[in-house]
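Q: Sequence:
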Amino acid sequence: MSDILSDAALDQLFREARSYSSFLDKEVSDEQIEAIWELLKMGPTSANQLPARLIWCKSAEAKERLATHAAEGNKDKVRNAPVCVIVGMDIDFHEHLPQLFPHTDAKSWFEGNEEGRKVSAMRNSSLQGAYLILAARALGLDCGPMSGFDNAAVDADFFADEPKWRSNFICSVGYGDGSKLFPRSPRPGFALFNRLI
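Be aware that the sequence shown starts at 1, since it is given in the UniProt record's numbering, and climbs by one per residue.
To be clear, the hints were calculated from the coordinates, so they are not data collected in a lab.
Heads up, simulated DSS-like pairs for lysine-lysine below, C-alpha to C-alpha not over 25 Å straight-line:
{"id": "1", "residue 1": "LYS58", "residue 2": "LYS41"}
{"id": "2", "residue 1": "LYS58", "residue 2": "LYS26"}
{"id": "3", "residue 1": "LYS58", "residue 2": "LYS164"}
{"id": "4", "residue 1": "LYS26", "residue 2": "LYS75"}
{"id": "5", "residue 1": "LYS180", "residue 2": "LYS26"}
{"id": "6", "residue 1": "LYS58", "residue 2": "LYS180"}
{"id": "7", "residue 1": "LYS41", "residue 2": "LYS118"}
{"id": "8", "residue 1": "LYS164", "residue 2": "LYS118"}
{"id": "9", "residue 1": "LYS118", "residue 2": "LYS107"}
{"id": "10", "residue 1": "LYS180", "residue 2": "LYS75"}
{"id": "11", "residue 1": "LYS58", "residue 2": "LYS75"}
{"id": "12", "residue 1": "LYS107", "residue 2": "LYS164"}
{"id": "13", "residue 1": "LYS164", "residue 2": "LYS41"}
{"id": "14", "residue 1": "LYS107", "residue 2": "LYS41"}
Per label pair, the in silico range of CB-to-CB distance:
{"id": "15", "residue 1": "GLU38", "residue 2": "ASP7", "range": "20 to 30 Å"}
{"id": "16", "residue 1": "GLY73", "residue 2": "MET42", "range": "29 to 39 Å"}
{"id": "17", "residue 1": "TRP109", "residue 2": "GLU72", "range": "39 to 49 Å"}
Built from N, CA and C at the ideal position, the CB exists for glycine as well.
Start from the sequences and build out the full structure, keeping to the hints where you can.
A: Next up, the structure:
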């Protein structure tokens, strides 16, 4: 049995963590980006599918390209973040299963069923996107996840050479500017959205 994390760690990951729209002018290094990957890849996915495909837009040019596909209210959130990552998914993730899940022929479970793969890729890349947020927070960074963008345009621009990759959501990463946060939105108690049976 693992030890319970400290209150300080739980605050950093959940209770005091926030979604940021504005970031300080402070660089996120390539080493920090790789460290996020080294943590998030350890999170569980079905049959170790690891379908997420990540494009880290760090240069001003890359962020501007991405911002052109964002909803009006999200354009500056993309431009002004140190990094904005496209959390995508590979519909043909099953091609990697012989290496990622070698104890059985998991690839055969998904062959000939692209619709089923789409469902599984969306579910598991969403999990990986959540792990990305937790990994970034664990490493002292803040995140601003967004879904307000033109998925088809992002796919055409950033995934043109990988026709089976699709965007899921985008997420800014950096050091959040707490002075521009709104008050935290309500989080209900257990009874409202949970049932013990």
